[in-house]
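Residues per chain are reported as follows:
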Amino acid sequence: GAGVSQSPRYKVAKRGQDVALRCDPISGHVSLFWYQQALGQGPEFLTYFQNEAQLDKSGLPSDRFFAERPEGSVSTLKIQRTQQEDSAVYLCASSLGGGRTGELFFGEGSRLTVL
Amino acid sequence: AQSVTQPDIHITVSEGASLELRCNYSYGATPYLFWYVQSPGQGLQLLLKYFSGDTLVQGIKGFEAEFKRSQSSFNLRKPSVHWSDAAEYFCAVGPNSGGYQKVTFGTGTKLQVIP
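So the sequence lines, in the order shown, correspond to chains V and H. For what it's worth, our numbering labels the leading residue of the first sequence as 1, then goes sequentially. For what it's worth, our numbering labels the leading residue of the second sequence as 116, then goes sequentially.
Honestly, the hints are just simulated from the structure, not real lab data. Errors might be hidden in some of the hints.
[Stated by the list, open to error] Facing chain H, a subset of chain V residues (Cβ under 10 Å, in silico):
hint, residue
1, Y35
2, Q37
3, G109
[Said to hold, decoys possible] No more than 27 Å apart at the CA atoms, straight line, and that leaves these computed lysine-lysine pairs for DSS-like:
hint, chain 1, residue 1, chain 2, residue 2
4, H, K225, V, K11
5, V, K57, H, K217
6, V, K57, V, K78
[Said to hold, decoys possible] In silico negatives: residues of chain H with every beta carbon more than 10 Å from chain V:
hint, residue
7, Q121
8, P122
9, E179
10, Q186
11, S188
Please read these numbers as outputs of a predicted model, since none were measured by experiment. C-beta: ideal position from N, C-alpha, C; glycine also.
For reference, chain V alone in the conformation it holds in the complex (with noise of 0.2 Å):
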């Protein structure tokens, strides 16, 4: 596609559900990041891949998120037992990669709301 897709835009979830944030990067850019942007805040890094490699999850607060990009494209951020904490919007951005930090294309957000 054109740009980067996040998907679902919005989720509501109990406390205690597992939910499944799904990112599609721009087409051929080797590198994928997620971020957690909280009301008011600026984006704080969760985690990065150089293609389906995990190369830092220093970022992910706790052992109940998960993330993978399998094929080296489509990624999925999983949240295990939500928790009130979590509520925030979820930032997917791409870029182009080859071993230079570069401009990171974002998508529009993922928002979830934890009642």
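Assemble chain H onto chain V, guided by the hints.
Same frame as chain V, but now just chain H:
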């Protein structure tokens, strides 16, 4: 570890007035620096970036930023603000090295433009 400070949470300017948004970074060497803009309900869009060379960089929508190594700053400027510039602005820093591209964002500055 790299970090970014945006000391102004909220700025209000009159349409047609000049604008300067402050950004200070912490990084062990010369970093890659970025400014992104986020309109309500939208993803982040790159305004401009500094990699090397001329310390005054030009971006889209008439924005520019100046890298000052001695002050660890990368302030964003615009000579005449338009009402459509009302948005949230994020400064970001990334590593100036190959292989890994983790980008760290500041907490953002929300710009309000009054007629």
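Going through the hints against the structure:
1. The interface hint given for V/Y35 is met, as the beta carbon of that residue sits about 8 Å from the closest beta carbon of chain H, less than 10 Å.
2. Contact between V/Q37 and chain H, as hinted, is supported at the beta carbon level, the nearest pair being about 9 Å apart and thus within 10 Å.
3. At about 6 Å, the closest approach between the beta carbon of V/G109 and any beta carbon in chain H falls short of 10 Å, and the interface hint on this residue holds.
4. Taking the CA atoms of H/K225 and V/K11, the gap is about 25 Å. The hint holds against a cut of 27 Å.
5. Distance restraint check for V/K57 and H/K217: the Cα-Cα separation of roughly 11 Å lies within the 27 Å cut-off, and the hinted pair is therefore satisfied.
6. Between V/K57 and V/K78 the CA atoms are separated by roughly 13 Å; this keeps the pair inside 27 Å, and the hint holds.
7. In this structure H/Q121 is not separated from chain V by more than 10 Å, as the shortest Cβ-Cβ distance comes to only about 8 Å.
8. For H/P122, the non-interface assignment is confirmed: its Cβ lies about 13 Å from the closest Cβ of chain V, beyond the 10 Å cut-off.
9. With a least beta-carbon separation of about 17 Å from chain V, H/E179 lies farther than 10 Å from that chain, consistent with its non-interface assignment.
10. In this structure H/Q186 is separated from chain V by more than 10 Å, as the shortest Cβ-Cβ distance comes to about 21 Å.
11. No Cβ of chain V approaches the Cβ of H/S188 within 10 Å, the least distance being about 17 Å, so the stated non-interface status holds.
Taken one by one, the earlier hints fail for this structure only at number 7.
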